[in-house]
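*Asks:* Sequences are here, hints too, so could you generate the full structure?
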Amino acid sequence: MSSKLMTAAEAVADIPDGASIAAGGFGLCGIPQIVIEALAARDVGDFEVFSNNAGVDGKGLGILLETGKLRRIVSSYVGENKEFARQYLSGELEVELTPQGTLAERMRAGGSGIGAFYTRTGVGTFVADGGMPWKYDSTGGVAVASPPKETREIRGETYVLEQAIEADYSLVRAAVADRSGNLRFNLTARNFSPLAAMAGRVCIVEAEEVVEVGELAPDDIHLPGIFVHRLVELTTEQVAQTKWIEKMTTNPPSEGQR
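Using the UniProt record's numbering, you'd call the opening residue of the sequence shown number 1 and step up by one each time.
Since the hints were made in silico from the structure, they are not lab data. Treat the hints with caution; some may be incorrect.
The following label-pair restraints were derived from C-beta to C-beta distances [stated by the list, open to error]:
(1) 154 to 238: 44 to 50 Å
(2) 3 to 123: 44 to 50 Å
(3) 116 to 77: 39 to 45 Å
Ideal Cβ placement from N, Cα and C applies to all residues, glycine included.
*Replies:* Below is the structure:
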């Protein structure tokens, strides 16, 4: 049962150039920071990544961006990462923007053996009709645009066909894992993580705590271990050092606090 446990460096050691990667996380919430750092330390790149966004500058997938390791990203959100926006607008990075719920369902479909599905989301927009800029050239012109997608009338409504996402690898963080790879996530840190995990042919998980098999009650398991292939147990220091607040908002002090 302990065979899934390994170091972060061992877990990413066979990820090759050009691999496709599904990554969990939302901004800085629930991102697999330690395995991303281990991957960034290797001399490989040209990755296609599926993730809600690309972390922020210097953290999460932002590390892979800054080191020029990403060729293409399928995501929902460019904001909060200046380097992400810069590479996209300068033609260095191909970006397929997709509605957030559609992205989540594409990952879930890939992990569930569903090749494609129909949805009303995006009908009547560039998402369905094509023409969305995927990649710019050096002069600001559109070098690659999205193609039109198949549509179909269902119950009197128009639906657009979306392809499932199947990645070579997936990288996620869990709050607790048992040695068999059963996972529990913490509150909003769950976000895209179970879906990204399902979408990867090889799923790499970094866990803040690893317990023995049987310590997680069945109803506490958010993702079964059948989807998890490699497990990295984080140290207390690694967990503490990666608990960031993306945007801190505080109330002004009251009269008595000044």
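*Asks:* Decide, hint by hint, whether the structure agrees.
*Replies:* Results of checking the hints against the structure:
no., hint, verdict
1, 154 to 238: 44 to 50 Å, "holds, 48 Å"
2, 3 to 123: 44 to 50 Å, "holds, 47 Å"
3, 116 to 77: 39 to 45 Å, "violated, 23 Å"
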